[in-house]
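Asker: Got chain C; can you put chain B on it based on the hints?
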Amino acid sequence: MKRKRIIFSLVFMLIWTACACAPGLAAEGQTRLTVYEGPKTMASSPTASVSVNGYDLFVYDVMVNHEHIWNANTQPVTTPMTYFDFEGKANVKIQMPGLGKAVESAQVLPAAWGIVPQVEQGMVSFSITEPGQYTVVFNGSVNKALHIFANPLETDVPDPDDPDVFYIGPGEWVMDAIALQDNQTLYLSGGAVLHSIISVANASNVRICGRGMIDGSDYPAWNQPGSYARVPIDLNHSKNVTVEGISLVNSNCWNLNSYSCKNVTIDNVKIISGRQNGDGFTFQSCTDHTVTNSFARTWDDSLVLKNYSGSTKGITFKNIQVWTDLAQSMEIGYETDKGLTLDPEISDVLFEDITVLYNFHKPVISIHNSDDAFVHDIVYRNITVENAMMQGDNGFNKELIEMTLQNSSWSTVRDEFGSIDGVLIDGLTVVNTVNGKVPASRLSGQSEENRITNVTLRNVNILGKPITTLKEMKLSIDDYCENIVIE
Amino acid sequence: MNRICCLICALMLLAAPLGALGESAGEPETIVTIVRTPEQAQAERPPCFPDPADDYIPLPETENFALGKPVHSGAHTDVYVDKNVNDGKTDTYWESKGFPAEITFDLQGAFTVSTVAVCLNPSSIWEPRIQEIAVEISQDGENFIQVSPAGKYQFDAATGNRVRIDFEAVQACFVKVIFTLNSSSRTGGAQAAEICVY
Numbered sequence: 001m002k003r004k005r006i007i008f009s010l011v012f013m014l015i016w017t018a019c020a021c022a023p024g025l026a027a028e029g030q031t032r033l034t035v036y037e038g039p040k041t042m043a044s045s046p047t048a049s050v051s052v053n054g055y056d057l058f059v060y061d062v063m064v065n066h067e068h069i070w071n072a073n074t075q076p077v078t079t080p081m082t083y084f085d086f087e088g089k090a091n092v093k094i095q096m097p098g099l100g101k102a103v104e105s106a107q108v109l110p111a112a113w114g115i116v117p118q119v120e121q122g123m124v125s126f127s128i129t130e131p132g133q134y135t136v137v138f139n140g141s142v143n144k145a146l147h148i149f150a151n152p153l154e155t156d157v158p159d160p161d162d163p164d165v166f167y168i169g170p171g172e173w174v175m176d177a178i179a180l181q182d183n184q185t186l187y188l189s190g191g192a193v194l195h196s197i198i199s200v201a202n203a204s205n206v207r208i209c210g211r212g213m214i215d216g217s218d219y220p221a222w223n224q225p226g227s228y229a230r231v232p233i234d235l236n237h238s239k240n241v242t243v244e245g246i247s248l249v250n251s252n253c254w255n256l257n258s259y260s261c262k263n264v265t266i267d268n269v270k271i272i273s274g275r276q277n278g279d280g281f282t283f284q285s286c287t288d289h290t291v292t293n294s295f296a297r298t299w300d301d302s303l304v305l306k307n308y309s310g311s312t313k314g315i316t317f318k319n320i321q322v323w324t325d326l327a328q329s330m331e332i333g334y335e336t337d338k339g340l341t342l343d344p345e346i347s348d349v350l351f352e353d354i355t356v357l358y359n360f361h362k363p364v365i366s367i368h369n370s371d372d373a374f375v376h377d378i379v380y381r382n383i384t385v386e387n388a389m390m391q392g393d394n395g396f397n398k399e400l401i402e403m404t405l406q407n408s409s410w411s412t413v414r415d416e417f418g419s420i421d422g423v424l425i426d427g428l429t430v431v432n433t434v435n436g437k438v439p440a441s442r443l444s445g446q447s448e449e450n451r452i453t454n455v456t457l458r459n460v461n462i463l464g465k466p467i468t469t470l471k472e473m474k475l476s477i478d479d480y481c482e483n484i485v486i487e
Numbered sequence: 001m002n003r004i005c006c007l008i009c010a011l012m013l014l015a016a017p018l019g020a021l022g023e024s025a026g027e028p029e030t031i032v033t034i035v036r037t038p039e040q041a042q043a044e045r046p047p048c049f050p051d052p053a054d055d056y057i058p059l060p061e062t063e064n065f066a067l068g069k070p071v072h073s074g075a076h077t078d079v080y081v082d083k084n085v086n087d088g089k090t091d092t093y094w095e096s097k098g099f100p101a102e103i104t105f106d107l108q109g110a111f112t113v114s115t116v117a118v119c120l121n122p123s124s125i126w127e128p129r130i131q132e133i134a135v136e137i138s139q140d141g142e143n144f145i146q147v148s149p150a151g152k153y154q155f156d157a158a159t160g161n162r163v164r165i166d167f168e169a170v171q172a173c174f175v176k177v178i179f180t181l182n183s184s185s186r187t188g189g190a191q192a193a194e195i196c197v198y
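Protein chains in written order, with our numbering: chain C, 1 to 487; chain B, 1 to 198.
Chain C extracted, bound-state conformation:
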């Protein structure tokens, strides 16, 4: 009997141990963490040392750009970035040997999440319990701000033996381009750095997923002699496409492009760009696109909708963090009928739970109907601008909100104009501004026939003060605007 009890106890211990160690079977209160080695061909950034729950992370240096005005020959700088997956509690510890000065203070963004880091002897530490994107700013400067992508644990990892799955494991990989076709999946493992581009053209039921990075640093900026645009993810006339979990860095042009596609779902995709025309999520003439839980730090428009060939309808951006080093944060336009199509529209667009960590250049919210489209039913809900630092170009385009019906250098249609109708901004909070004052906003129509109508602002708070009048909002409107209301 005694012998049976011993055997039972040992077997119980074995089962308990196996359960405790097995991913997916953590006991309550335990943290599950996945960390990724960097490729053996690369060295972790000398700028930052980061650990989570005592485990060192590999830190990448990625291109960003502090030049907040267009320069065709701009030279990016780098900032550190790292990532891991977790569930539970993550204690993050950071040291910044490459900052060039001692860390005396730090701030974790989004500030609205209320994470107050400790700084002791140059070490920054804080805890998180929710997956998300965290940015740490040191000594009150954006220089060498650290981006930490704390992903949720992976689920639904594709089967590497599936003949329709291209499974790229950890390591550094290079390939000129990858063209995905119907029903194919590309999996890019965490710990993978892929120097390539992914094209999905005239295809359906395509999935791109994983935790790895697509890195465009091998390619010169697209506008330089001998180079060309190598779009990291380029969707073209495709449908039912999913992109999830990966990061796009160092692109030599724009980043996640979708042209004339339908039913595209993007989740937990992180973009950091610092080179010419480095737009983030950019969709042209698309329908039924949803972007959630994602991040875009960009050296051109961060979230952008245009019409290149046909109309745009049914686009949702939800729970997105944006850092705009150049151009606009949430841009509709300028091109709204580049394809000269019949009755072009941009409609049924929702920006919800958007946090703009920084905007250094042009308007945060903008509709530049620069061709002849009918832009309508556009909703901005719960928009938080933590740092509205718009410096504009030569004194222009530094508004918080701008909606216009004027031609621009991007116009294709020059003899006709469109209209803007039905815009709701419900919940707009601006925490800091460049000069401690309310930034101006501007609505400008074109003619009696081409007007901006039915724009409602509600629940606006700037610099801690509720804004209830157009005057307080510093919102200028011209004679071709009608029913512009602030509640």
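Treat the hints loosely; a few may be bogus.
[Unchecked claim] Restricting the straight-line Cα-Cα distance to at most 30 angstroms, the calculated cross-link-like pairs of lysine-lysine (DSS-like) are:
(1) Lys-437(C) to Lys-338(C)
(2) Lys-97(B) to Lys-338(C)
(3) Lys-40(C) to Lys-89(B)
Simulated from the structure, these hints should not be mistaken for lab results.
Answerer: Positioned in the frame of chain C, the structure of chain B alone reads:
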């Protein structure tokens, strides 16, 4: 009993790779998975994409007389200038503005030539297309004679997105390649990443 303990220990070792349980000072009790990367000396082609080069149309292994030599053409599209066409790189390319499109190489000397190869970027994102191409040669750069009449050539990534135009060996100081058609819907001009003269 010893046998039982050994068995259980062995089973526990088998379970260990599933994850490691750790709690260092002040840190939460953590089940960690460390994803390791392979030993690599340089970036490699992902194994899930076998190199298609084995199926490429073979090119002569002799000297490419056009490489790096003076080249000129008519108008080009955007940034896709003619000097991209003999820089030795298939990830840069020349694109003409319309048709016919002529591009001429000064070989800087007299060479016996018998093959012109026209290459696009071998990537599969360059969809299959047909270009119509003729070849002329000259001794003085002014008076050209045709050595290969206009013919339609199929470019396909499966065979390297390259075509090979062979003709009777002839002495040449200048080689002109003339494009009169490109079936790609993405352009209205001729395209070539590399043009090689052997």
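Asker: For each hint given before, does the structure comply? Return the numbers of the non-compliant ones in rising order.
Answerer: Hint check: 1 fails alone, others pass.
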